[in-house]
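Undergrad: Sequence:
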Amino acid sequence: MGNKIQLIDRIRLAFAVSVAKGVTLAVRSLRLGAASVLPGSLARRIEPRLLQLLTQQVKNGVILIAGTNGKTTTSLLLRTILERKGYRVAHNSTGANLENGLMTALLEDTNLVGGLDVDYAILEVDENILPKILAPIQPKIILCLNLFRDQLDRYGEVDTISKRWTKVISTLPTETVVIPNADDPTLSYLGQQLPQRVLFFGLNEPENYLDEIPHAVDSIFCPNCGHSLDYKGVYLSHLGDFHCPKCGFSRSKPALDSSEFPQILVGLYNKYNTLAAVTAAIELGVDEATILDTINNFQAAFGRAEELEINGKRVRILLSKNPVGTNETIRVVTQSIDKTTLLVLNDRTPDGTDVSWIWDVDTEKLVERGGTLVVSGDRLYDMALRLRYSEKTPESHCNLIVEEDLRQAIATALEHTPENETLHILPTYSAMLEVREVLTGRKIL
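For the sequence shown, the positions run 4 to 448 when the numbering used here is used.
Among the hints, erroneous ones may be present.
[Said to hold, decoys possible] List time: in silico EDC-like cross-link candidates among lysine to aspartate or glutamate, alpha-carbon distance up to 20 Å:
1) Lys316 / Glu286
2) Lys143 / Glu263
3) Lys88 / Asp120
[Said to hold, decoys possible] Pair by pair, the computed Cβ-Cβ distance ranges are:
4) Glu208 / Lys166: 26 to 36 Å
5) Asn402 / Glu178: 24 to 34 Å
6) His400 / Lys166: 45 to 55 Å
7) Asn207 / Val171: 29 to 39 Å
These are computed hints drawn from the structure, not numbers from a lab.
For every residue, glycine included, the Cβ atom is placed at its ideal position computed from N, Cα and C.
Build out the structure end to end from the sequences listed, making use of the hints.
TA: Given below as structure tokens:
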């Protein structure tokens, strides 16, 4: 093991691990799911210090990845890069990013007495619990991807979360490396306030500026003085090249030139995910040749620009769970030649029970291009109404199909997809799991 653990802690940890592994075996044997949360929850009751006892055994340190969008894709890319260099990596690959999910992921790699023999642990973390886990984990690197409004019924405003992050991160050892998004005003400001070593990532590609600031924008005011920011250009939502004309606050300089690196998958948002992972990998000493080769051969995490072949037709699943993310997936769709899209809107706990966010989505762009839009999910009529309100004239060329049964909705969307085109599916989180179960014939979580 890495750091020494007291005998009483070893005994309690061993018992907690044995219970967790027994529960995992039972759940998976009975095909009740992937056991990505319950084992950690039970083990934590036996040993409340479980997270600390496990993470302190990680040889080279823990890497935390936090933010509203992009955690799963970024963490998978960084994990793949490190594994290609021969490192052993623990990772909550199922996306279970609350405390019990983190512990369950670490327990997967322990032996029967709680020994964890890995070089790195990459843990994607829900933005609201980041301040709670920093002290016990003492991470080596913290990646701060972005902060957008997400689940309105769960979290406060973006600035509230960032203030909590700043307060707690600033108490960590100065050797901790923090990697924030330079193009996010809130995170750029956060990085400028920290005593730790800070490396920024961001885009240097003016050719990809949007024509105008999107409707779904969260943070265009200066985090220092509150004045409205001036932008040279915006890449997505409030991410761009900005400065404050009143107090002088401006975008931080990225550590890397984004134009020198290709991106994984489709969509400009995945360029941000790529740069975040690359900045961390270079900080960890990985050579550029390995990084570039990994990017060029990267396979998507489930539901994140994942591509499948169903009945001889291509299907691409683009997770769409908040205004900014959905606007970006719509941008991907409208830039393609493909004219059939399935939107699946749920309002379950993983999605957020407040679906009013769909009115901040630029669905007009999806409707304007025409084609076939199939709608399903628990709140399909809310989405159908939003699409109807997106029609600028009664003579809209959009063919809107509303189907309550998800399996039938998928079948209908596939029927309307020509052989040479791709069916794009835009689901919320729980809907994405259901869609994949239908398409692949098995559950993910």
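Undergrad: Hints numbered earlier in the text: which of these fail when held up against the supplied structure?
TA: Hints 1, 2, 5 contradicted; others consistent.
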